[in-house]
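From just these sequences and the hints, can you work out the full model?
Chains as they are written, first to last, in the working numbering: chain X, 43 to 145; chain R, 394 to 570.
Do not rely on the hints blindly, as some may be mistaken.
Which stretches of chain R does chain X cover? Using the computed rule of at least three CB atoms under 8 Å from a CB of chain X, they are [to be verified]:
1) 431-440
2) 476-488
3) 519-533
These are computed hints drawn from the structure, not numbers from a lab. A quick note: this is a predicted structure, and the numbers were derived from the prediction, not measured. Where a beta carbon is used, it is the ideal one built from N, C-alpha and C, also for glycine.
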Amino acid sequence: MLQKGKSVELPKAKNAMQNKAQGPEPLFVSVTADGKVYIESDKQPASPEQLVDAMKGAIAEGKRVMVKADVNTEYGAVRPVLDRASKAKLKGVQLAAEELKGK
Amino acid sequence: MGMDVGAKKGPRSDINITPLVDVVLVLLIIFMVLTPLMEKEIAVRVPEEPDQTQPVEPPPADLLQILFKVDEAGLFHVNNETLTDENAIDRLKVWYRAAKSKESTQGPPVIFFDADDKAKYARAMKGLDTIRDSSPGWTIGMMTEKLASAATGTEPTPPGGTPPSPGTTPAPTNPPQ
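So this is what it looks like as structure tokens:
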């Protein structure tokens, strides 16, 4: 499907909800299946410092941060992103998911 | 007349773009409608970086911490209790009621979430989904630093659903330096 950021296969979740909040587009941080971290649609994987800087920039612009992690990656690849979010003094992040239909 | 009005000397060289523009406009409208339907999300909180200049107070002794873990094999644990996929929602509801009953003294129910580095992200996401399924009232806190895994004891949870006594779970936020 059409996605912002890198193309990843999103996990499915029953309780994922559409964020109705109006505001600027969130900053997209993608974690691909091989565990690399990308900011928006960058060609090169981001370094930890770049990630923290990008998140601080997002705070300054009032943006939320959306973490799009591939369903096949390991949690160990996602944890550093959350850690960086904490370091950048973000209050929270959004984990992207696809809505599980039915049931 | 000497005027050349074209179409007489072979085929016209410029293509008719009118149908192309029609197609592009239709595609544009389709994508405009689809774009807002794309991203779904689960909101989680990350621990705030402690202000190093302020002394960090230890949590009160009666603090009930609820820690949800996903281990390497993808199994769910709450504090010292192992959950199966079938009973996870029901057990989490019990924990939620326990946390909710203490809301007046401890604030809204918070569940800390952690997953093993080797755990599949899909399982971690399933765990988050299960927590949301059990009650939408949870505030989910993501742990960003690894725990000392041996720190937890093996205290069983009484069948009444009373959570284990406090102090058996490691502190989920950054410990005081």
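How does the stretch 431-440 of chain R fare against chain X when you require at least three residues with a CB closer than 8 Å, holds or violated?
holds (count 10)
Verdict on chain X covering the stretch 476-488 of chain R, where coverage means 3 or more residues with a C-beta closer than 8 Å:
violated (count 0)
Please check whether the stretch 519-533 of chain R has three or more residues whose CB lies within less than 8 Å of a CB on chain X.
holds (count 6)
The structure does not agree with numbered hint 2 stated previously, though it agrees with all others.
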